[in-house]
Each structure stands twice: as C-alpha cells, then as structure tokens.
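Start from chain A and add chain P according to the hints.
For the record, the sequence lines run as chains A and P.
For the first sequence, this note's numbering gives the first residue as 1, with consecutive numbering after it.
For the second sequence, this note's numbering gives the first residue as 1001, with consecutive numbering after it.
Calculated from the structure, these hints are not laboratory results.
Hints are supplied without guarantee of correctness; some may be wrong.
Stated by the list, open to error - Listed below are the simulated DSBU-like cross-link pairs for lysine-lysine, each with C-alpha atoms no more than 30 angstroms apart in a straight line: (1) 169/A <-> 1163/P; (2) 153/A <-> 1016/P; (3) 1163/P <-> 1016/P; (4) 186/A <-> 1163/P.
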Amino acid sequence: MSEASKRVFPIWFTLVVTMVFIAITSVVYTMTKEKIQLNERVRLMKSVLVAAGVEMPAEPAEIEKVFTGRVKDVKNDSGGVSYYVIYEEDGSTVSSYVLVRMGAGLWGTITATVGLSRDLGVFAGMEVIDQNETPGLGGRISEQWFKEQFRGKEGPMVTVPEGSPAGEKNQFQAITGATYSTNAIKNLMNGASEYGRQIIEKQ
Amino acid sequence: MAKSKLGKVFSDDLGKNNPVFAQILGICSTLAVTNVLRNTVIMCAGLVFTTALSNYTVSLMRKYIPTRTRMMIETMIIAVYVIIVDIVLRAYLPDVSRELGPYVGLIITNCIVMGRTEAYALQNPPWLSFVDGIASGIGYSYVLIAIAVVREVLGSGAIWGIKILGSGWTNWSILAMAPGGFFMLAIFIWIVKGRGAKEEEVKAK
Chain A
1 MSEASKRVFP
11 IWFTLVVTMV
21 FIAITSVVYT
31 MTKEKIQLNE
41 RVRLMKSVLV
51 AAGVEMPAEP
61 AEIEKVFTGR
71 VKDVKNDSGG
81 VSYYVIYEED
91 GSTVSSYVLV
101 RMGAGLWGTI
111 TATVGLSRDL
121 GVFAGMEVID
131 QNETPGLGGR
141 ISEQWFKEQF
151 RGKEGPMVTV
161 PEGSPAGEKN
171 QFQAITGATY
181 STNAIKNLMN
191 GASEYGRQII
201 EKQ
Chain P
1001 MAKSKLGKVF
1011 SDDLGKNNPV
1021 FAQILGICST
1031 LAVTNVLRNT
1041 VIMCAGLVFT
1051 TALSNYTVSL
1061 MRKYIPTRTR
1071 MMIETMIIAV
1081 YVIIVDIVLR
1091 AYLPDVSREL
1101 GPYVGLIITN
1111 CIVMGRTEAY
1121 ALQNPPWLSF
1131 VDGIASGIGY
1141 SYVLIAIAVV
1151 REVLGSGAIW
1161 GIKILGSGWT
1171 NWSILAMAPG
1181 GFFMLAIFIW
1191 IVKGRGAKEE
1201 EVKAK
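Extracted from the complex, chain A is given alone in its bound form (with noise of 0.2 angstroms):
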C-alpha cells in the first residue's frame, strides 16, 4: 500500500463497515414494522377495553374485531381523538367512555386511560399505558390490584394505607412508600372525572 492509501483506508473501512451494518439493521427492522406497528395498535385498544370493563379475547385480531365493532372515537378540534365511546353489544346503546389521561410521575409522564360510566359518575376502570415510576416502589401502580380497586368507584377518590380496607365508594388503597406516584393517579383520576363532565356532558 501506498503512503497516501494507507492514510484513506481507514475511512473506506469504516464507510464499508458502517454501510454493512446499517443495512443488516434495516433488514431486521424492514421485516418486523409491521408487527411492532400492529403491536402498538392492539396495546392502545386493549388499554381502552380494559378500562371500559369490556372482556377481552386473547388474539390480537380478534381484539382488533372487538374494538372496532363497539367502539368510536370522538374527535377534538385539531383532529386528535378526544374520547373514546364504548357501544353495548348490540352497537347502539352506550356503556361506557374512555379518556386517555396524563399526569406527572416521580421521573416522568404517567399516561393512562380512565373508563367513566354512561353517567360519568362512576369509574369504569382503568389501565397505566406508560409510566416511569421506580421499579418496586411506584412502578407497582401497573400492578393489577392496584388498576382494579378503582372499578364501580366513585370520585372523587381518597387514599386509604395500603393493605387496610377500602370499603368506601370513594377510597382506594395507597402504594406504601411511593406517594408521590400514589397522588399522582389519585390526581389522574379525579381529573378525568372532571374533564370527562366538562367534554362528554357538552356533547
């Protein structure tokens, strides 16, 4: 090899190398879009249905029939979707609304969806879709227990220490040692309560 060749080889080396690899990489993600992108779907109407207190099959595709069989979305003025309407089995009657809500966490936004009754009096359910809390303390706001205290509630809802009875129509039990992330969804709650009077009752 020549002075000068020597010099430039490690570029076109690195160039090559570089080229290989981004297109090993494009292979791999070319060929699995599809189903991250489905994956993502199912996830969103999954969390609406289970925060609608609706039963879900296990097949994404038959989840995919479900949702599209017995719910509608609501628009807001820029497009995005407002709410979500869940329809009886029949596909007439309503049951249920859905928001997807956010709320500030410990260490980010806690995103969730909140199921309202056809009078908006009462929690339907709800589902975290995405949260970042610490794993064991606040993280453990996605664990079922916890998600399922808050159906046939009614807001606004207060706390009561973890483990001690929360018979009331307004109470849920806390996560010991994660309040911040507690009154976080205790906030998420009532708010959608709230906005849920404000948007759905205007309609």
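Leaving out everything else, chain P in the frame of chain A:
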C-alpha cells in the same frame, strides 16, 4: 491446551478479573436495574448476548480493523446487536419490551461490552472471544443477581414480584432506590476483596 485456556477465561472473568467487583465496570447498570430481580435477569441476558456476539464479530474483523477507527467500529457493532435485540423484543415480546423500557438501549453504553472487545476480542481468535463474552456476562450477572435478591427482598419484601415477607415486614424503601444500590455494591465488593486479601496473607506466610 485449548481446554485450559478456556478454563482460564472462565475462572478469570468469574473471579479475580470479574468485570463488576474487580474491574469496576458496568456500575451504572448495576445501580439502576438491581432493585427488582426480574429486570436484572433480563438485563443480564441481554448483556451476555451482546457481549458474546460483539466480541465474536470484532474478533473476526480484528486483522482488518484500522487502529485509528477501531473504537468507532466497535461501538457500531455493539449498537447494531443492541438495536436488533430491541427490535426483536418489540415485535415478538411486546410486554417484556415495555417493561424493560430504556434498559435495553442502555446496554450499548455498558462499559463491559466495550471493555471486553477492546481488551480481549482484538487480540484473540473468534471462538475464544465468544466464550470470553459469555464468561464476562455471567461474571456480571451473578454479582447483579446477588445484589438484586437482597435489594428486592429487603426493599419490597418480595422476590420476582411475589411477596414472601408477610405484612409484618416494613419495607426498607431506601434499598429499592438508588442509594440502596451503592450500599449493596459497596458491601459486596468489601466482602469479596476482604476475603481476597486474607487469602493473599495466607499465601505470603
């Protein structure tokens, strides 16, 4: 000959040359993921996979990689494997992928991967580098798992998310948070090094 070399790779990476408590590498993830055992195990699996494969790939190319751009190329190889892990998880195990969140991406910045490709794969044949990657990964894993078990049991009264300590147990919340990671790692290193020091004393006598 080959066998003893292999044995040496393992005993080095698991013991006196352990990436975590001897080389003090990969500390960031040791602190970040060890509060819950489940996350720790998945992180470890990801790290074993990435270290082994990037070691193998770098070693295959070691005779051609120009010295001056070698770090860029190593980083890229590591990144490619990590991205592939991430994409595959998102496509086929969406629930696991969501649970891990940013942790998978963080493997790229784990110093152990880069450290092993630099220190080992560049000088050794592919299959031996592959084994070194796995051995380093295991060396990292058992330290993390040990720390995670203590942190999850004392910090959340649970193991793998299942409650094992009754309601009478008050969680040591500090252990589930970042400082707990520092304490546990320091105690671990203290115990291991303390034992090592005693062995040296015995040898010296």
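Consistency of the hints with the structure:
A distance of roughly 28 angstroms separates the Cα atoms of residue 169/A and residue 1163/P; the hinted pair therefore holds under the 30 angstroms criterion. Distance restraint check for residue 153/A and residue 1016/P: the Cα-Cα separation of roughly 58 angstroms exceeds the 30 angstroms cut-off, and the hinted pair is therefore not satisfied. This hinted pair does not check out: residue 1163/P and residue 1016/P have alpha carbons roughly 35 angstroms apart, beyond 30 angstroms. Of the supplied pair hints, the one linking residue 186/A and residue 1163/P holds, its CA atoms being roughly 25 angstroms apart against a limit of 30 angstroms.
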